[in-house]
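Asker: Protein chains in written order, with the working numbering: chain A, 1 to 172; chain B, 1 to 132.
Hints listed in this document are in silico derivations from the structure and should not be mistaken for laboratory results. Don't take each hint at face value.
[Stated by the list, open to error] 30 Å max Cα-Cα, derived DSSO-like pairs, lysine-lysine: (1) 67/B - 10/A; (2) 10/A - 66/B; (3) 91/B - 10/A; (4) 168/A - 19/A; (5) 53/A - 68/A; (6) 66/B - 19/A; (7) 68/A - 102/A; (8) 42/B - 66/B; (9) 67/B - 91/B; (10) 19/A - 102/A; (11) 68/A - 19/A; (12) 53/A - 66/B; (13) 19/A - 67/B; (14) 53/A - 91/B; (15) 42/B - 67/B; (16) 42/B - 10/A; (17) 126/B - 19/A; (18) 102/A - 10/A; (19) 126/B - 66/B; (20) 126/B - 168/A; (21) 10/A - 126/B; (22) 67/B - 126/B.
Since we're looking at a predicted model, the values are computed, not measured.
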Amino acid sequence: MTTLVTGGSKCGKSSYAEKVLENFAGQKYYIATMEPVGDDAYEIIARHREARKNRNFITVECPRDVGKLHLPADCGILLECIGNLCANEMYTGGAVLRPSGKIISDIRRLGETASQLVIVTNEVGSDGNSYSADIMAFVSEIARINSGIAEFADNVVECVYGIPTALKGELV
Amino acid sequence: MKFVVGGAYQGKTAAACELFGFDESEIVNGSVCVFEEAFTAKCINSYHRLIERLIAEGASPLDFTKKLCAENGNAVIIMDEIGCGIVPVEKSERRRREETGRCGCMISSASDTVVRVICGIPVFLKGGRNED
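Go ahead and model the full structure; you've got the sequences and the hints to work with.
Answerer: Given below as structure tokens:
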């Protein structure tokens, strides 16, 4: 079962994602994609760690290439989040890359291993602002990844100010 | 409480007036009102602007919203969704966006009805048309 959780900033995406796996009996893995860069990163990491405390997740740091992870079959996976993963694979110091196709394949692969895969993504295309070409490429790559995952996901959920709404499939 | 959310200019205010039966003249404007008016107003719109103003004053939007939920439990709150974009470069803008999200979650939780308005169409996220 694959669930994609989307929404804006601080709208309860992580809480909902954790709730999906709340009663999962097998081993749960948390794939953390954030590279601790910038003054907010440590704060965010600490907050999310605190939220996952006592929830029996094994944390796996994986800022890119999640398709190369070897996790046991039938596990539960929470991947957070597509925004960081995509940024890490796009901006590598050289030319800006377009990793959406690869990331979709990587995530499909994870979904084949896990019995429960929950992916947290971000809505980044609705602020009506124009950015540089490199940032607009990011907006477009995220949109492609989200659409690509939504195609094969069983459930797609959008959180709106804390309220989960089902765009595809069902809510837990 | 009733909570009406959505993007800018989607028809949130008109939908709120129609759904919850009040007149536009009864609305307090979060962009300009005296902060305390929020605790007694029947309806507050542009609540995201009120949050922005509270931050500018050095006040805590979360504490303010907590008080609002406790003291004005029948209010209709209208607020833009502002979190669905690129993470702002400015730390103060990131903070504003995050605090707005957290306040929105708090109001949702305190509301029996939450409506999202898109293209003028109200979509019920919590509660239904007939719940009062």
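Asker: Identify every previously stated hint that the structure contradicts and give their numbers, smallest first.
Answerer: As far as the earlier hints go, not one is violated by this structure.
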